[in-house]
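Trainee: Each chain is listed here by its residues.
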Amino acid sequence: MFFNGMATFNLLAMNSLAMNKIQSLGLGIFLFLMLGCQSNSPEPPATTGLFLQLGHVYEMGPPPGAAVPLVLNQSWLPTTLNQIEINHCQYYLTGFALQRSDSSWLEFPDAVAYADLERQLQYSWKISDTAPSGTFIAFRLAVGIDSLRNHSDPALWPVSNPLSLLNSAHMHWNWNTGYIFFKLEGQYQRTDPPLNGGFSYHLGGDTYYRPVTLRFPPTTLNKVAETMMVELRMRQFFDGGHTHWITDSSSFSHASLGDRVAEKLASNLAGAFAWKGIIINNP
Amino acid sequence: MVSPRFSWMLFPVLLLMGCESDQPKVFPAPTAFPVDMPPPGLGFPSLPWPSDNPATVEGVALGRQLFYDKALSLDRTVACASCHLPNHAFTDTLVYSRGVNGTLGTRNAMPVFNLLWANRLFWDGRSPNLRDQVVQPVQDPLEMHLPLEEALSRLRGDASYRERFGRAFGDETVNVERFQKALEQFLLSMTSWRSKFDKVRMGQVTFSPAEQRGFDLFMREYTAPGSGRPTGADCFHCHGGALFTNRLFENNGLDSVLQTGYQVVTGLAGDRGKFKVPSLRNVGLTAPYMHDGRLATLEEVIDHYDHGVVQSSTLNANLRVQTGGLRLSAQDKADLISFLHTLTDSTLASNPAYAEP
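As they're listed, the protein sequences go chains A and B. Counting in this note's numbering, the first sequence tops out at residue 1210, every number present. Counting in this note's numbering, the second sequence tops out at residue 842, every number present.
Hints are not guaranteed to be accurate.
To be verified - Derived lysine to aspartate or glutamate pairs resembling DMTMM-like cross-links, with alpha carbons at most 25 Å apart:
no.	chain 1	residue 1	chain 2	residue 2
1	B	684	A	1080
2	A	1203	A	1037
3	B	681	B	777
4	B	818	B	784
5	B	555	B	657
6	B	681	A	1080
Unchecked claim - Reference listing, derived: stretches of chain B covered by chain A, where coverage requires no fewer than 3 residues with Cβ under 8 Å from a Cβ of chain A:
no.	segment
7	586-596
8	724-733
9	805-813
Simulated from the structure, these hints should not be mistaken for laboratory data. Ideal Cβ positions, reconstructed from N, Cα and C, are used throughout, including at glycine.
When you get a sec, could you build the whole thing from the sequences and use the hints?
Mentor: Take a look at the structure:
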């Protein structure tokens, strides 16, 4: 199952006139459905499946500052050593799985989630058409594309797939290392000593495929619709386990082999995902 | 002279004749057109042809006729092909293209091949698709300057065009949708994938040493001085892949005072100064370069990226970090140009299917 959130984006992009028309139409449809329900139509079934809902926040700090919704092109967001403005962020998530209470994993190997924060900042991807049932204790995702798909011919993906180059030509290094897994670009400044410029961090290549396991209290799921809620705390990318100082020489990385900046930032990124909870739609 | 006594006999004859002329002419179903698609392995993304406009021999032929027809301009002096010349990969050699009465445009003509893989059209992306795009130059006062209804009226008044529309679409109706679809069919049929670069990818030939070095530079990322690793020209970030474009809109550092660019579409200040990243296929044939044709040669283009990039608020992030420029040697630049010439597909200009009918 592939889902890239474009439908949501297109709806958001509609103008107010269109929205008014849709609201009127929606009211009509609602009344029609209500009348239908009053007669003999059964209630439509709820959407089933396993979903991942992902929001993006920024911790304003200094730690332990509260996290606020991330806004692109907002000057200036604090890090420990710089102030930054984020202009672009795109990434792929794969490797989804739920861990059962007996520690075995229920894998969803086909699902690919693609986020482009210039399109939208809140995503809801369908991971599986079938919602799992049982008791689970952890959710896993991975930043990046597994090796098999990373080195497959990207030209063969249909346009409906987030891995199609027509969706994300800027996320693929042809003749190099496959897909860019995570891309963050923007500008930085620092007053002492005075520094400013741009930054461009592209993590990709099999070395930087990063599974992330998010544990939660044992929870029984019941096969209707379940939504895993996760948050990406973007400041952790710079201020996670390794504090990153952006300077001229550390302002970019394309994840070359042995690239210390990439290693540090990939490690920070893996720690930037936070568990927020599960929404269970009961039958 | 017919005697009045027998004149009543003419009525049925006239009626029959009238009926005959009112009968819509029946045309055979059009024939499927074999589009010259690149073979698998060259890396062109998988993409279906528009399902509501299948390519047909008759539709492509009509589109081709329209593309080369000067009757679609106000004074019948300018056709689409006037600014999109086969010998120059369907661009012209001018800084700004000229419309009717010699009117000077405001943009450099863009190439019109491999449009099947294009997303938005025009340098600023203001047209969301090809069907929307094809009617704009016809009406633009700086280009063909003909009201669309007048263009259609001219076509309706031409029996040979009515016949062509009939063959392509089943009856002789000439309307905007069919006009758009015919041009779309022809333009989408124009593919380019027979360059030396493609032959290298298919294992049929090899690069010369200079071309290979140029390719390596093109595909290698920029590295900061003192990193211990060789720097590259870092072209692939925007011009990578089989299409040699990332299909985005970027600010490539031409100006400090930014033109509107892609902001005209999004309304976002962050898109100011951004223009469509063109494919580099056939780039050796499409001089002059940039949206305003300001750079006359490939040498000037490489010099721009080497040491001419101007910082601004929306500058592409990969260019922004190259604070000291690319630091390319004269040999590097020459090798890059050697590689860029391997992207020339000489069959594009000589393909009779794309030539003036």
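Trainee: Report holds or violated for chain A covering the segment 586-596 of chain B, Cβ cut-off 8 Å, minimum 3 residues.
Mentor: violated (count 0)
Trainee: Go check the segment 805-813 of chain B versus chain A for me, would you? Three or more residues, Cβ under 8 Å, otherwise it fails.
Mentor: That given contact holds, which follows from 3 residues of the segment 805-813 of chain B lying within Cβ reach (below 8 Å) of chain A.
Trainee: Verify the proposed pairing of residue 681 of chain B with residue 777 of chain B, using a straight-line Cα cut of 25 Å.
Mentor: violated (29 Å)
Trainee: Is the coverage entry for the segment 724-733 of chain B by chain A consistent with the three-residue Cβ rule at 8 Å?
Mentor: It holds, with 8 qualifying residues against the three required.
Trainee: Quickly compare the C-alpha distance for residue 818 of chain B and residue 784 of chain B to 25 Å and report which way the hint goes.
Mentor: Measuring from Cα to Cα gives roughly 7 Å; hence the hint holds.
Trainee: With a cut-off of 25 Å on the C-alpha distance, tell me whether residue 1203 of chain A and residue 1037 of chain A pass.
Mentor: The given pair, whose Cα atoms are some 24 Å apart, holds under the 25 Å limit.
Trainee: Below or equal to 25 Å on CA atoms is what counts here, so check residue 681 of chain B against residue 1080 of chain A.
Mentor: holds (21 Å)
Trainee: Hey, residue 555 of chain B versus residue 657 of chain B, does the alpha-carbon distance stay inside 25 Å?
Mentor: Satisfied, since the Cα-Cα distance of roughly 21 Å is no more than 25 Å.
Trainee: With a cut-off of 25 Å on the C-alpha distance, tell me whether residue 684 of chain B and residue 1080 of chain A pass.
Mentor: holds (18 Å)
Of the numbered hints stated above, those contradicted by the structure are hints 3, 7, listed in ascending order.
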